[in-house]
Structure formats: C-alpha cells, structure tokens
Amino acid sequence: MEAWIIATSLIAVYLAGCLIVGVLAGRKMEANMDDFVVYGRRAGFFVLYLALVSTYHSAFAFLGSGGFFYTHGIGFWDAGTWTLMMGLITYVFGTRIWALGKKFNYLTPADMLADYYESEGVRVLVAIVSVVFTLLYIQVQSMGLGYILSAATGDRISIELSAGILMLIAMFYISVGGVRAIYWTDVLQGIWMYIAIWGGALYLSYVLFGGPFALWRRVVAERPDLLTLPGPEGFFTYPMWFGFMITLSFGIVFQPHIFMRYYSAASISVIRKLGALTPIYLATLYVPAALVGLGGALVMPNMEFPDRVFPEMLFRYAPAWMTGLVLAGAAAAAMSTLEGIIHSNMTVLTRDVYQRYICPDAPPAHYVKVGRWIIVGLIGVGYWLSLTSNDFLVTIVTLSGSGALQIWPAVMGNLFPSRFKFTRAGVMAGMVTGLVTLFFTLIVYPHPLTLHGGVWATALNFAVAIAVSLVTPPPSEATRKRIHGTLEEALYG
Amino acid sequence: MEIPSHYRPRTSRGRFFIGCFAVLFAFTQWPFLAWANRIEPLVFGLPFLYAYLSAIYALMLVALWLLWRWRV
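From first to last, the protein sequence lines stand for chains A and B.
Going by the working numbering, the residue at position 352 of the first sequence is 421; the numbering climbs one at a time, nothing skipped.
Going by the working numbering, the residue at position 27 of the second sequence is 32; the numbering climbs one at a time, nothing skipped.
You may find that some hints are simply not true.
What follows is a list of derived Cβ distance ranges for each label pair [what the hints assert, rightly or not]:
#1 A:V92 with B:F49: 45 to 51 Å
#2 B:F49 with A:Y561: 41 to 47 Å
#3 B:F49 with A:P515: 21 to 27 Å
#4 A:W390 with B:Q34: 40 to 46 Å
#5 A:E557 with B:S17: 19 to 25 Å
#6 B:F37 with A:S78: 45 to 51 Å
#7 B:Q34 with A:D294: 20 to 26 Å
#8 A:I264 with B:P46: 29 to 35 Å
#9 B:G19 with A:D430: 42 to 48 Å
#10 A:G113 with B:A60: 44 to 50 Å
#11 B:F37 with A:F282: 23 to 29 Å
#12 B:S17 with A:A283: 24 to 30 Å
#13 B:R15 with A:E546: 22 to 28 Å
Residues from chain B that face chain A, not an exhaustive set, calculated with beta carbons under 8 Å [as the list claims (entries may be wrong)]:
#14 I8
#15 V28
#16 F32
#17 W35
#18 R43
#19 L69
#20 W70
#21 W75
Hints listed in this document are in silico derivations from the structure and should not be mistaken for laboratory results.
Just so it is clear, CB atoms sit at the ideal spot from N, CA and C, and this is done for glycine as well.
Kindly generate the complete structure, drawing on both the sequences and the hints.
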C-alpha cells in the first residue's frame with residue numbers, strides 16, 4: 070500500500086475518534102449557555118489540564134516552532150520562559166478570574182471587565198479586541214490544518230481543500246456538543262499530540278543522527294550559528310526575546326479561549342494545581358520541536374517553507390504509519406486550539422453582542438441555537454483569512470497575542486485591589502492608545518529598536534491608562550467593594 | 006474599610022516565592038542571558054546556552070510546585 074494512503078487513513082481514524090468523542094460528550098449537554106460555554110463550571114483537574122494545554126499549544130507549537138528552530142535556531146527556546154510564565158499567570162490571575170466568574174456568572178472577559186468598570190464602552194471595546202485578534206489565530210490553525218492533510222496526501226489534496234475539510238469536521242462537533250465536546254476531544258488531542266511530537270522527533274533523531282545527543286553534537290559542529298542569539302538572521306535579539314515572552318504568555322492568556330477556561334473550573338484548587346503543573350507539559354513540548362527544527366536544518370537545508378520541516382522529514386525518513394500518527398498529532402494540535410477559539414468567539418458574539426444588544430430576553434435554548442450559526446460564520450471567515458497569507462505561523466500568533474495584551478491594564482485594575490485605581494476612562498484611553506500604537510509598531514515600522522511591537526503598545530497603553538486614571542473617577546465604591554471583597558474572601562478567607 | 010493591596014504578598018512564604026521567581030526570571034533575561042549566550046563549554050553534549058536555560062526552567066518548575074504545595 071502506498072505511504073500516502075496509510076498516512077491519510079491514520080488521520081481519518083483520528084478524525085473519526087474526535088467525531089465520536091465529540092458527539093458522545095455532546096449528548097450530556099443541557100441547552101443553556103452555562104453548560105454550552107463553561108462546562109457548567111464543573112471541569113475537574115484532568116479534563117481542564119488537557120483542555121488548557123492542548124488549547125494553548127496549537128499548529129504554531131507543532132509546526133511553527135520547528136520552523137522557527139530551523140530558521141532562527143536556539144532563540145526559540147525562549148518558549149520555556151513564556152510557558153513557565155503561563156503557569157504563574159494561571160496561578161495568580163486564573164484563581165481571581167475563576168472566583169469572580171463563579172460569584173457573578175461571567176461567561177466572557179468583557180462580562181467581567183464591564184461589570185467592574187460599570188461601562189458598556191469597555192464591554193464593546195474588549196469584545197472587539199477579543200474577536201478581531203483571535204480571528205488571526207483561527208487563520209493560523211486553518212493554515213496549519215491545510216499543510217497537514219495536504220502533506221499527508223502527498224499534495225493530492227490542495228492546502229485549501231484540506232483546511233476546509235478539517236474545519237468542517239471541527240465545526241460539526243463544536244456545534245453539536247459545545248464546550249463538553251471541545252474538552253473531551255481536547256483530552257484525546259492533548260495526549261495524542263504530546264506522544265506524536267516526542268515519538269516523531271526521537272525516531273528521526275535516532276534514524277538520522279544516532280540519537281538526540283548525537284544530533285546536538287552535529288549541530289555544534291556544522292551549524293554553530295543556530296546555537297547562539299540572535300541566530301543566523303539576527304532575529305532573536307535580547308529585546309525580541311523579552312517581547313516574545315510577554316506576547317506569548319500574557320498575550321495568550323488574555324485571549325478569550327484561554328481566559329474562559331478559568332471560568333469552567335470546578336474549584337479554586339483546580340486552578341492552583343493547573344498553575345503549578347501545566348508548564349511541565351507546555352515547556353517540554355518544545356524539546357522535541359528543537360530536535361526537529363535543528364535536525365531539519367542539517368539534513369534538509371534551504372526549505373522554502375520552514376514550517377513544513379516536520380512533515381517533510383517524516384515523509385522522507387519515517388515509515389508511513391509513523392508519519393500518519395504524527396501528522397494526526399499535528400492535526401490534533403491545530404484542531405484543539407481552533408475549536409477553543411471558534412467557541413470562545415462564538416460566546417463573545419452571542420453574549421456580548423447578540424444577547425446584550427439585539428435580543429436580550431430570549432430563552433437559553435435560543436442563544437445556543439444562535440451560537441451554532443455564529444460558529445458556522447466564524448469558520449467561514451477564518452477559512453477565508455487562511456487563503457490570504459503565507460507568513461510564519463508563529464509570527465501571526467505573536468500579532469494575535471499583541472492585540473489581546475491591550476486589555477492588561479483593565480484586568481489589573483479589576484483583579485488586584487490597591488490604593489491606585491484604574492478608571493473606566495483610563496483603561497479605555499489606554500486600550501485605544503495601545504491599538505493605535507500596534508498599527509505603527511507591527512505594520513508601519515515593525516518592532517522599533519528590535520523590541521517587539523506588542524511590548525511598545527502595551528507600555529504606552531499602561532502609561533496612558535495610569536495618567537488618565539489619576540484624573541478621572543474610579544468605579545463606584547459599592548462595585549469595588551462587591552468585586553474586590555469577593556476576591557479578598559476567595560483568596561485570603 | 007479599604008481592602009489591603011493584592012500586589013504585596015502577605016506571608017513570608019509569599020515573599021520568599023516572589024523573590025525566588027523574580028531572580029530565576031531575571032536569569033532568563035539580559036544581561037544574564039548575554040553572559041550565557043555561548044556554545045562552549047558543552048554540558049552533557051548540549052550547547053551552554055541551551056543547558057543553562059534548561060536548568061533555570063527546571064528550577065522555575067520547582068518554584069511553581071512549591072507555590073502550589075505551600076498554597077501561597
């Protein structure tokens with residue numbers, strides 16, 4: 070049997086598994102937004118752990134990271150810093166987000182921030198930031214899915230058609246099962262992708278170099294330019310290293326698909342445990358990615374599309390069954406994030422726009438139905454966007470993280486009681502300043518002084534938010550007492 | 006009554022953790038990173054920068070584990 074048939078068949082088996090798990094999980098769903106969106110706030114450690122890590126790690130971790138190691142070398146090991154920061158942020162911010170969500174039934178980031186700042190303007194601005202920038206993320210996953218299936222079939226199916234097929238499958242089980250289907254397929258996907266990337270990378274390193282340590286020795290001897298900063302193309306300067314850490318830790322957490330995971334936990338101890346233990350999974354996934362990228366730079370130099378280094382190496386050097394299993398893992402990485410983003414964007418649009426401004430008093434089942442149609446629309450938009458770009462997956466992700474970073478000052482004022490108080494006018498002025506700055510620091514004059522554009526925007530955002538907050542009134546005392554009192558009680562008894 | 010600031014840790018363990026994590030984090034950034042930015046000496050066959058960062062990450066994982074176990 071031809072290799073591409075075996076590889077494609079294994080991906081088909083994986084997709085069938087996702088559909089079965091998704092449909093079965095969806096059968097337990099109740100027709101209300103709480104169950105459709107935040108798992109009835111009953112997610113335990115095991116499910117939420119794998120849901121969080123598989124949502125965090127996407128096509129950019131599985132394919133893009135190999136491409137980055139291939140092109141820029143060891144600089145991408147900065148990933149260890151941002152994944153560890155992710156653990157700390159979960160511990161410190163996640164517990165607070167969970168406590169407020171549980172007490173006040175929040176479903177979206179905008180719910181939480183609009184309540185504290187007593188402002189519909191804040192709600193709208195946060196909802197726009199949430200959706201617009203995560204649409205870029207949908208594009209990343211769609212591109213990744215297209216690469217994977219197209220590569221598995223030996224280019225017999227185009228990238229565009231491949232992306233379309235896999236997005237349709239994801240759309241089906243998200244619509245049917247809501248967040249239950251997403252969490253349980255995430256469990257399957259989280260396990261599969263971890264085994265796949267480790268298995269594939271170790272196999273290639275033994276077959277091609279005699280093992281991981283021998284691979285490292287070859288890189289030292291033949292490509293030392295990949296083993297120090299800023300890398301062969303001068304990309305990973307120290308400021309850029311810092312910028313990647315900020316945009317891929319805080320920037321990802323503030324995106325709704327991660328932020329809303331915290332609402333769904335069964336208890337605060339689940340979140341604390343996640344904070345301590347998720348970095349183990351998140352950081353160690355990049356160890357095999359380094360083997361793939363650096364190994365690929367030795368045996369397959371001058372690739373036109375470095376993001377494809379892993380699939381291309383597998384096709385050239387691994388048996389078909391292994392190629393299929395690993396590519397299914399790559400599909401798992403992309404689909405687990407895609408479904409999380411689609412679902413969270415659906416929630417933002419349904420809750421913060423449709424329910425708030427268009428149809429406020431409909432029965433819960435109506436919003437679930439509308440949400441399903443919004444999912445169809447989002448899949449269509451994401452697919453269309455994916456046809457328009459060939460940039461590095463990781464670069465697009467950092468653009469996306471930069472946008473989400475702009476809600477940071479608002480989140481600080483909401484979650485951290487202190488003598489200084491961020492105000493509604495302050496955080497809105499800061500957000501607008503940050504978004505305008507992003508346009509200049511990411512598009513017009515990218516990354517001034519080699520510091521990531523997202524960091525420039527966030528710094529200016531904070532400066533403006535603080536300055537305006539000093540001269541404008543804070544949220545009412547009753548609201549501050551209600552919300553900060555809840556935090557005080559949840560965290561300190 | 007004003008709610009006490011949530012920016013400052015309230016226990017000695019909290020202060021210890023913040024100190025540890027801040028130091029470890031600083032080791033992953035410039036200027037420490039500039040010092041570690043070299044290939045030699047190899048550590049168990051790994052380039053120095055990679056081994057240095059891996060060691061710091063391992064210590065940060067331990068710090069996070071302590072944070073959880075101590076319920077800071």
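Hints, one by one, checked against the model:
| no. | hint | verdict |
| --- | --- | --- |
| 1 | A:V92 with B:F49: 45 to 51 Å | holds, 48 Å |
| 2 | B:F49 with A:Y561: 41 to 47 Å | holds, 44 Å |
| 3 | B:F49 with A:P515: 21 to 27 Å | violated, 38 Å |
| 4 | A:W390 with B:Q34: 40 to 46 Å | holds, 43 Å |
| 5 | A:E557 with B:S17: 19 to 25 Å | holds, 20 Å |
| 6 | B:F37 with A:S78: 45 to 51 Å | holds, 50 Å |
| 7 | B:Q34 with A:D294: 20 to 26 Å | holds, 22 Å |
| 8 | A:I264 with B:P46: 29 to 35 Å | holds, 34 Å |
| 9 | B:G19 with A:D430: 42 to 48 Å | holds, 46 Å |
| 10 | A:G113 with B:A60: 44 to 50 Å | violated, 33 Å |
| 11 | B:F37 with A:F282: 23 to 29 Å | holds, 26 Å |
| 12 | B:S17 with A:A283: 24 to 30 Å | violated, 47 Å |
| 13 | B:R15 with A:E546: 22 to 28 Å | holds, 23 Å |
| 14 | I8 | holds, 4 Å |
| 15 | V28 | violated, 14 Å |
| 16 | F32 | violated, 10 Å |
| 17 | W35 | holds, 4 Å |
| 18 | R43 | holds, 6 Å |
| 19 | L69 | holds, 5 Å |
| 20 | W70 | holds, 5 Å |
| 21 | W75 | violated, 10 Å |
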